[in-house]
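J.: Chain by chain, the residues:
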Amino acid sequence: MVLSSSAYFIFLVGAFFLYWPVARFRALALAVILFANYFFYAKWDLFYLALIPTASTCDFLIALGLQRAKEQGLRRALVSLSVLLNLGILASFKYMPFFLENVSRLSGRTAPEWHWIFPLGISFYAFQSLTYTIDVYRRDAQATSSYLAYLASVSFFPTTLAGPITRVATLIPQFEKKDKALSSADGGKALFLIALGLTKKLLIADYLADNLVNRVFDLPKLYTGAETLIAVYAYALQLYYDFSAYTDIAIGSALLLGIKLPPNFNMPYAAENIADFWRRWHISLSNWLRDYLYFSLPGLRSKWKVFTYSNLILTMLLGGLWHGASWNFVIWGLLHGVGLAATRAWQGFAGGAKGDGGWRRIARIFLTVQFVCFAWIFFRSPTLDAALAILGRIGSLTVSFENIPAPVAMVLAIAVAAHYFPLKWHGWVVDRFAATPFYAQAVALMLLAVALQYVAASGVAPFIYTKF
Amino acid sequence: MRILPPKPTLVILTLVALMKAPDAMPAFKNYKVLDWQTIPAVLDFAPRKTSAVPIEDEQLRMHPDKDAASYKIFRLSDPTHALDHFYEALQRTETRWPGAITRIVHYGDSPTTADLITGDARGLLQSRFGDAGHGFCLLAKPWAWYGHNGVDLSGDGWTIDPASMSKVKDGFYGLGGVSFRGNAGARSNFVLKDPSHTRLEVSYLRQPGGGSFEVGAEGRTLGSVETQAPAVEPGYVAFAIPPGARRFQLRVTAGQVRAFGVSFEKPGPGVEYDSLGLNGAYVSVLARMFDARHWGRQLRQFQPDLVIINYGTNESAYAAFIDQSYGKELKEIVRRVRAALPETSILMMRPMDRGQRDSSGTIGTMPTIPKLVTIQQKTAMETNCAFFNTFLAMGGPGTMGLWYQAEPRLVGGDFIHPMPAGAKIVGNLLYQALFDGYSQFKLRRVQERFAKAPQGEVVPK
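Going down the list, the sequences are from chains C and W.
Heads up, the first sequence is in numbering that gives the first Met the number 0, so the first residue is 0 and it goes up one at a time.
Heads up, the second sequence is in numbering that gives the first Met the number 0, so the first residue is 0 and it goes up one at a time.
It is possible that part of the hints are untrue.
Unchecked claim - Straight-line C-alpha distance at most 27 Å; calculated DSSO-like pairs for lysine-lysine:
no., chain 1, residue 1, chain 2, residue 2
1, W, Lys31, C, Lys179
2, W, Lys6, C, Lys259
3, W, Lys19, C, Lys188
The hints are simulated quantities; they were obtained by calculation from the structure and are not laboratory data.
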């Protein structure tokens with residue numbers, strides 16, 4: 000059940016009408032959320048109805064054990080068990096085919112078939128689950144004694160497919176809140192975000208993918224260097240609009256049920272350096288990697304700067320591998336790790352002073368975008384050879400724009416302009432929408448649905464980040 | 000306390016009512032945004048179909064790593080046995096007659112120029128009947144997409160005129176459809192993966208004022224050629240390849256040289272399969288852009304046993320051209336080939352399906368594609384050619400949609416160009432069809448012998 004499909008919205012409306020009448024009754028409200036969560040998982044595969052409750056129950060019990068245990072050794076063992084459990088799920092369902100394939104390549108024997116592959120990117124669940132046990136271990140959060148509240152929070156359906164990765168400890172209080180209500184402003188904001196997400200996904204991301212990006216990345220030799228370069232920029236925009244569309248729909252869906260999720264994007268292509276980029280792109284993953292991986296690595300407090308740089312590179316390398324077991328993701332992570340380390344080194348050298356504005360700032364943004372787009376080539380290409388083919392085409396320095404028709408150029412221009420739309424204006428538009436009468440909101444949403452139906456004739460494509 | 004949040008609830012209910020309006024009011028029937036049939040489907044928890052019987056065959060065909068023999072055979076249409084000449088040559092090759100080379104020339108558009116489909120079919124035919132070499136290669140890449148499996152090619156200093164761009168007024172494009180003009184210093188480098196080729200043949204133009212070029216292998220000169228001649232005529236020069244040589248160079252040493260390509264050959268018996276594709280090519284390239292006499296001499300020089308004509312994708316965007324000219328142009332190609340090689344078999348090969356999205360986002364077949372197939376099939380019948388319906392062999396209408404959504408993806412995002420995995424499937428389908436036709440030919444020949452032989456007499460092999 001993709002978040003931009005009509006089936007999802009029917010499900011969401013059903014959840015809305017089931018949830019709010021019982022929202023005052025804590026246990027019932029939690030039961031409805033849990034039911035919705037497991038219903039959502041079951042739509043992907045019934046196997047999740049066994050896997051998720053079992054894994055969640057283990058983590059719930061481990062957290063209770065962590066809360067009560069005084070001995071550091073036992074606490075360490077318990078948190079290790081949780082880490083093993085969640086990473087084990089990841090390894091079994093995500094990395095096992097890659098592992099078996101490589102073992103088979105090395106041993107020369109035929110790889111055994113691995114049947115435990117399921118359509119849902121389980122990594123967001125695993126990461127979200129780990130935030131809870133690690134926070135309790137670090138005594139940054141209290142373990143909940145409410146089994147129902149924990150189960151409902153850790154598997155909250157809008158965040159299941161592609162985040163935002165939310166600390167379970169911040170979700171539980173929202174679910175357990177007694178006086179739940181949905182104000183007109185929040186309701187309007189929720190519907191606006193969902194509509195915005197659909198527009199981003201269908202009008203920009205899918206359009207660019209179908210009409211330019213997929214064509215060029217599939218068969219780069221058919222395109223000139225200039226067209227290939229434009230396709231790389233188009234992919235950067237496609238990825239942003241695809242992923243931020245998912246986030247908007249997820250945040251809007253959660254808000255419709257009275258739950259506030261953290262933001263995941265903040266104009267990423269306006270970043271002035273790579274460190275700034277990661278404060279703006281997939282913010283919940285950057286925070287997760289920083290809080291639960293980077294801070295856990297040895298040498299953090301060492302006076303030797305080399306530890307800082309190597310830890311940054313290692314963190315991003317693992318972040319790259321999290322996206323998938325391939326050399327392309329390793330290179331992508333490595334590029335960003337080196338970029339982060341270089342930024343840190345430069346800031347140390349230059350005293351970390353905030354740069355001046357004007358054209359220097361524009362130059363920094365321009366250079367950062369070039370670096371990020373260069374790294375996206377490895378991220379997007381299915382193989383290393385394919386990435387090199389894209390770079391080869393760009394390097395051919397051939398110029399012609401025959402394969403960039405006017406509508407594609409127009410959507411690209413809209414995408415660029417909308418990305419740099421000031422946040423203040425965005426907030427103003429949301430407030431104006433939320434303040435309009437209910438019938439005007441309904442008519443606006445209906446008109447948008449009709450327009451999307453006609454303009455974005457691309458059907459329902461899965462969100463890119465749901466495969467991670 | 001309210002049961003439901005009032006304003007969001009009203010918005011949702013009003014929106015649902017608006018979505019329902021097109022069902023109640025026919026005037027708004029074009030504004031449906033929700034299929035109400037989706038509602039029961041939300042409660043459908045049926046597991047995903049991964050091995051249902053109806054799609055098993057499709058999956059088998061679509062899986063590019065499967066053994067070629069496991070593909071379903073889609074037969075050629077050859078009621079008049081138009082391919083018998085080709086099959087006879089193939090039989091001589093199969094029975095290992097000394098030097099029996101079966102030569103196929105395959106004219107097509109962008110997939111062919113990239114040696115997609117043709118490269119796969121070549122590999123299969125050569126592994127079954129023997130390898131008689133790479134065959135014809137252009138002197139440089141007219142476009143980045145050009146390639147020939149197993150040959151690493153680069154050229155420098157040439158003025159390149161492909162027939163599909165129709166810049167050369169005399170229509171002299173050699174066998175491969177591209178004319179190369181170069182002054183002293185222009186060069187072509189070929190690196191072959193396979194070092195067992197024994198002969199190379201350069202085709203060029205002899206002409207008044209023509210310059211000279213030399214051919215080398217592994218850094219040693221094999222020979223020099225003067226292209227100066229009193230009249231314009233095709234020229235061919237062959238060199239024996241030193242054993243084990245893989246690197247070859249052709250270099251213009253003086254004046255201006257006009258050349259067309261190099262053919263790399265082995266002594267046979269085996270199959271040689273020339274992939275002669277041009278980007279954006281359409282039937283008129285062979286029917287009009289090529290000079291008939293010049294092309295005829297090229298065909299007679301290379302003596303193919305089978306000529307495959309594989310156009311249609313680029314024409315599919317022009318419905319009026321299909322209605323008025325497509326059939327006539329096909330007939331003209333056949334006439335030209337027959338004028339040069341009366342005995343040679345001709346196979347008309349339908350190009351692949353071509354997809355386009357409709358307003359609902361579904362990837363369907365372009366409406367002109369079935370019409371193209373009908374015209375091509377009819378023309379093949381009328382001109383005594385065999386016909387291979389690639390469109391139906393692939394799966395018929397809507398195949399591009401399936402192939403685009405397949406994992407790995409079998410066709411590019413333009414719904415025209417096959418990915419290597421998709422090309423492999425089509426190459427396999429073509430090979431299977433040719434092999435099936437050949438098997439039927441052999442069976443037919445045996446039956447004919449039995450029919451002729453008096454009862455009780457042993458029929459010799």
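J.: None of the hints should be skipped; say for each whether it holds.
T.: Evaluated hints:
Proximity of Lys31 (chain W) to Lys179 (chain C) is assessed by CA-CA distance (about 35 Å); at most 27 Å being required, the pair is judged violated. Between Lys6 (chain W) and Lys259 (chain C) the alpha-carbon distance is near 19 Å, which keeps this suggested pair within the 27 Å criterion. Under the criterion of a C-alpha separation no larger than 27 Å, the hint pairing Lys19 (chain W) with Lys188 (chain C) is consistent with the structure, at around 24 Å.
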